[in-house]
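Undergrad: First to last, the protein sequences are chains A and B. Be aware that the first sequence starts at 577, since it is given in the working numbering, and climbs by one per residue. Be aware that the second sequence starts at 636, since it is given in the working numbering, and climbs by one per residue.
For the record, the hints were derived by calculation from the structure and aren't laboratory data. Built from N, CA and C at the ideal position, the CB exists for glycine as well. Some hints could be false.
[Unchecked claim] Partial selection, computed: residues in chain B whose CB lies under 8 Å from chain A:
1. Ser-702
2. Gly-763
3. Arg-801
4. Ala-812
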Amino acid sequence: MIEFVLDSRSKVNTYLQLVQQVKQALRVGLLAPGDQLPKVRDVAQSLAINPNTVLKAYRELEIEGLVAGRPGVGTFVERSLAGASLPNQAELREDLVAWLHRAQAAGLTPEDVIALVETTLRAALADDTPHKEPARAE
Amino acid sequence: MDVALEADQLGKRYGSTWALRDCSLQLPTGRIAALVGPNGAGKSTLLHLAVGLLRPNAGTVRVFGESPYDNTKALADIGFVAQDTPLYRDFSAAELVTAGGKLNRRWDAALARNRLAQLGIPPDRPVGKLSGGQRAQVALALALAKRPRLLLLDEPVASLDPLARREFLQSLMGSVADAGTTVLLSSHLLADLERVCDYLIVLHAARVQLAGAADDLVAGHRQLVGPRHDGAPIGGVAAVVRASHTDRQSTLLVRTDGPINDPSWTVRDVGLEDVILAYLADGDAAASHNEWGVPA
Numbered sequence: 577m578i579e580f581v582l583d584s585r586s587k588v589n590t591y592l593q594l595v596q597q598v599k600q601a602l603r604v605g606l607l608a609p610g611d612q613l614p615k616v617r618d619v620a621q622s623l624a625i626n627p628n629t630v631l632k633a634y635r636e637l638e639i640e641g642l643v644a645g646r647p648g649v650g651t652f653v654e655r656s657l658a659g660a661s662l663p664n665q666a667e668l669r670e671d672l673v674a675w676l677h678r679a680q681a682a683g684l685t686p687e688d689v690i691a692l693v694e695t696t697l698r699a700a701l702a703d704d705t706p707h708k709e710p711a712r713a714e
Numbered sequence: 636m637d638v639a640l641e642a643d644q645l646g647k648r649y650g651s652t653w654a655l656r657d658c659s660l661q662l663p664t665g666r667i668a669a670l671v672g673p674n675g676a677g678k679s680t681l682l683h684l685a686v687g688l689l690r691p692n693a694g695t696v697r698v699f700g701e702s703p704y705d706n707t708k709a710l711a712d713i714g715f716v717a718q719d720t721p722l723y724r725d726f727s728a729a730e731l732v733t734a735g736g737k738l739n740r741r742w743d744a745a746l747a748r749n750r751l752a753q754l755g756i757p758p759d760r761p762v763g764k765l766s767g768g769q770r771a772q773v774a775l776a777l778a779l780a781k782r783p784r785l786l787l788l789d790e791p792v793a794s795l796d797p798l799a800r801r802e803f804l805q806s807l808m809g810s811v812a813d814a815g816t817t818v819l820l821s822s823h824l825l826a827d828l829e830r831v832c833d834y835l836i837v838l839h840a841a842r843v844q845l846a847g848a849a850d851d852l853v854a855g856h857r858q859l860v861g862p863r864h865d866g867a868p869i870g871g872v873a874a875v876v877r878a879s880h881t882d883r884q885s886t887l888l889v890r891t892d893g894p895i896n897d898p899s900w901t902v903r904d905v906g907l908e909d910v911i912l913a914y915l916a917d918g919d920a921a922a923s924h925n926e927w928g929v930p931a
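With the hints as constraints, model all of the structure from the sequences given.
TA: Here's what the structure looks like:
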């Protein structure tokens with residue numbers, strides 16, 4: 577079972593924050609098919625939010641085929657987002673930790689690191705898209 | 636659409652002053668609605684009319700199709716927590732639960748006792764000696780013991796500290812999720828409302844300025860920033876709710892009726908709080924300057 581938290585300073589809609597947290601949990605393997613999501617009533621009470629907001633988030637996840645509601649029982653995970661990448665993540669994480677230590681030694685602040693990652697990611701993705709098809713054909 | 640609360644041209648006058656005028660609205664069932672407005676806007680008057688404590692001078696108010704005034708059958712469906720949660724202060728919480736059982740046709744004493752036990756409220760101490768937060772919880776538990784279909788709350792959290800406020804909203808949201816109750820609550824605390832409410836009614840100067848589903852209202856308004864605006868129509872803008880100008884720039888909060896493609900305007904999304912403030916700030920500054928005899 578996961579527990580939702582809300583960022584009250586975030587501009588992101590409350591229901592979207594819930595959707596994103598479930599997806600994040602599915603991506604990192606914290607939630608797997610068959611797991612139950614927290615009951616609507618419990619989420620509404622613990623976060624002091626409108627139960628309709630929780631229902632809306634669960635409905636959105638249902639439309640995307642990630643979860644399914646069983647009337648009178650609860651909402652359960654249908655499909656994971658972790659996919660094949662999950663086993664590789666531990667090793668990549670080790671590389672990343674080593675790289676972060678180097679970045680720190682080189683004098684980068686956490687903000688510098690985030691800015692660098694974001695710009696590099698955008699640049700790399702922009703480079704990738706046109707080359708993707710020929711690369712696969714080789 | 637099932638309607639829990641419906642007002643049509645509703646008005647209430649005290650002497651020659653209208654406390655509420657031409658109030659027409661429909662609150663669908665299953666909603667948690669916020670009633671917002673400055674002090675004296677008519678919020679308590681609307682709530683008192685809805686719970687049958689006042690008789691309208693004009694128009695009608697109906698709760699689940701019934702007029703609540705002098706109508707015990709309609710009142711059985713309505714729960715009401717008045718401002719500052721008035722309770723018989725010499726009674727203990729347990730005695731109030733018993734008293735409620737004698738005074739109401741439908742009464743779930745077990746529900747009230749379970750709630751109060753869960754919240755750690757002492758059963759035998761006079762409620763006048765409890766903390767403000769605990770007293771508010773007792774009042775809510777009593778209102779919910781009626782198993783109302785419509786729950787009206789007048790400033791339920793105004794006098795509570797932040798922790799008690801959160802605990803009150805938590806138990807309110809939990810019980811609404813259980814029972815599917817329609818709720819109308821008045822409050823000044825806009826940040827709380829944005830999370831709790833999915834329907835909004837804005838009252839200002841005895842009139843309804845705005846009413847609708849929160850999502851629709853947020854989606855139907857935008858903030859525009861651009862060169863000084865001379866009042867010419869802008870494509871996609873249905874109405875300018877609020878405008879402020881410098882010598883070369885204008886900031887507008889607008890109600891939209893289509894996409895705004897005019898490139899001279901920077902268009903930003905707004906939150907519920909922005910929309911509420913824009914409608915409340917729409918005061919008549921020129922008239923006030925006249926009354927004071929100073930230049931506007």
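Undergrad: Need the list of violated hint numbers for this structure, in ascending order.
TA: Hint check: 1 and 2 fail, others pass.
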